[in-house]
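Chemist: The chain contents come next:
2 protein chains.
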Amino acid sequence: MIGIFDSGIGGLTVVRALMKTLPGLRLLYFGDTARTPYGTKSPETIVAYAIEDTEFLLSQGAQIIVIACNSAASVATDILKERYPEVPIFEVISPAVKKTVAVTQKKIVGVIGTRATIESGIYERKIKELDPTIRVFGQPCPLLVPLVEEGWLKRPETKRIVRKYLQPLKVRGVDTLVLGCTHYPLLKPIISAKMGRRTTVIDSSEEVAREIGEFLKQRPDVAARLERGPDHLFYVSDLTPTSQRIARLFLTERIQLLKAETMGYLPLLKGTLGVK
Amino acid sequence: MIGIFDSGIGGLTVVRALMKTLPGLRLLYFGDTARTPYGTKSPETIVAYAIEDTEFLLSQGAQIIVIACNSAASVATDILKERYPEVPIFEVISPAVKKTVAVTQKKIVGVIGTRATIESGIYERKIKELDPTIRVFGQPCPLLVPLVEEGWLKRPETKRIVRKYLQPLKVRGVDTLVLGCTHYPLLKPIISAKMGRRTTVIDSSEEVAREIGEFLKQRPDVAARLERGPDHLFYVSDLTPTSQRIARLFLTERIQLLKAETMGYLPLLKGTLGVK
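Heads up: the sequence lines are chains G and Y, in that order.
So that you can map any letter, position 258 of the first sequence is 257 in numbering that gives the first Met the number 0, and since no number is skipped, the others follow by simple counting.
So that you can map any letter, position 167 of the second sequence is 166 in numbering that gives the first Met the number 0, and since no number is skipped, the others follow by simple counting.
These are calculated hints, taken from the structure and not from any lab test.
Among the clues, some could well be false.
Identical copies carry no separate label here, and so any pair may be met within one copy or between two of them.
To be verified - Below 30 Å or equal to it, Euclidean Cα-Cα: the simulated DSSO-like pairs (lysine-lysine) are:
id : residue 1 : residue 2
1  : Lys193    : Lys19
2  : Lys169    : Lys187
3  : Lys193    : Lys163
Isolated chain G, as found in the complex (with noise of 0.2 Å):
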C-alpha cells in the first residue's frame, strides 16, 4: 500500500491526487487529529510526530511512506530517509520545486502556506537551489486552514481575506504561485481568481502524485509489489464528528474514517513530564 500521513485532514488532497493519477493502487491513510495541526509546532516535536506516523504506517503494511503535511516534510524529510533507508519516501514540498522553477518565466514566485511553513523558508531554499536567479516571495496565510475547515471555501470573508493575502504577491508581479498547505487546493477556483489568468498556481498534491506515477514507472519492481484494489483505509488518531465531517468536504461523502487503535493509545505525559 502507498502509506501517506498528515497532521490532520489536509492531507486527504494528496490521496485524491493520487486516487485520479495512479488508479488502483491500495492507500493507506493517517491523519493524527489527536494532536493537529502540526504547523505552530516545535522542529523537535514535528519531527518526534512524524516518526510515530510513519512508524504506524509501517506497520499497517505501507510499502511507499507519503509525507502529506508541509510542515512534517520541511522538517522531518532527511531524518525520516536516514531512519528507514530501504522504504521510497516522498513529501509534498519537492515535486511543487521542480514544477515551479520548470514553469515561472518571469522568474518571479510567490509561495503561501502556514506560518511555519513560511517561516521555515523551505520553498525559497529548494527553489533558489535549482536555480538562484529566481526570486521568491512567501506569504502566510494563517487563518486559510480554519476557513476551509469550516467549509468556508466560497463565502465573502473568505474571498476576502484571500485577497488581502494574495494582494502582496500581485503587487510583486508573480507568474507562478506555490499552494504550500494541502488545505488550499479546496480554494484554488477562488485563488486563481484573484491571482488571474497569467499566474500559473501549482497544486503540490497533484505534483507529488505526478512524480510517485514516474518513480513506479521506473521501478516496475516496486510498483509490482504494492498492493491493488479499491478498499483504501483512512486512519486518524482521534476520532470526532469534525473530522468526519472535514473528511467528507476534502474527499467523498461516502468516506468512513477509522480510529487508530490504541489500547493505551494516547500519548501520557504521566511520569515523564514533570520534576523540573
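Let chain G serve as the given structure and place chain Y on it in line with the hints.
Modeler: For chain Y alone, coordinates are given in the frame of chain G:
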C-alpha cells in the same frame, strides 16, 4: 500556588483576571501547546490530556487547580474532582453560568464558543439546571480563536466575522451573552459594540477569578497555605516563537514561557499505537 491549565495560551485571560482579583498570590500556568487545540478532539482524548495537565501542575506544587479551558471543563471536571478529592478544583464554566442566571432579566441568553463547547450543550444544560425558564441560544464561532491568535483584534475582517456570528443572537433578542471561550475576552470591545449597551457580556475568566476569591475568603486555612509572590511560572509543552508572541498578546510583553522539561517528554505512539 494556584495552578491553571489550558490547551494552549488562551487560559492566560484567567491568569490576567486572577492577577487583578487576587494580587499577590503566586500563579503556575501550564499550556499544552504540543497538543493544542483541545476543542476539536474527542471527550476521551480531552479527559486523558486534562489528567496529564493536572498531574504536571500538582508535581510542580499547585495547591489549587483551575481548568481554564472550556473543552476540558466541559468533559473532565467531574473526573478530575473524583480523582483528586483533596484538591480544590475550579473551572471556567460554572461561575459564568451563575452570573448569567443572576443578571438576565428577559431570560434570553446567548452563548458563544468553539464548535466543541457549543455542541456539548454544557452551558445550556447548566443554565437550565439553575433556571429552566431561561432560553439559551448557542452559537459556535470557530474562526475567532485563529483570528485572536493572529492578533487581528480590531481588523475589519474580524469585525465582519464577529457581526456574522452574533447576528442570529441579536435577532433572538438576548440580553446576556456569555463568552464561552478563554480567547474571546480579547475581542470583548468589538463583541460588546456589536451587541449594544443593553446586552451584558459575561467574561468567564473574570467570574472564575471572583469565585476563587470568595472561596479563599471562606477558607482562610487554604488561603494561608498559598504561596505569595510576583514570580509566576508559565510552562508550555511546546515552546515556539508563535506561542511566545501569542502569550505577549494575551498578558504582557514581559512574559517568558518555559518549556515543561522534559527528558522523555513528547507523547510517544511508538509501540502503543499500531497493531490493529
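Chemist: With reference to the structure, classify each hint as holding or not holding.
Modeler: Against the structure, the hints:
1. Taking the shortest Cα distances, Lys193 and Lys19 sit within 30 Å of each other inside one copy (26 Å), while across copies they are farther apart (47 Å).
2. Taking the closest pair of Cα atoms, Lys169 and Lys187 come within 30 Å of each other only inside a single copy of the chain (16 Å); across copies the shortest separation is 34 Å, beyond that limit.
3. Proximity of Lys193 to Lys163 under the C-alpha cut-off of 30 Å is found in both arrangements, the shortest distances being 10 Å within a copy and 24 Å between copies.
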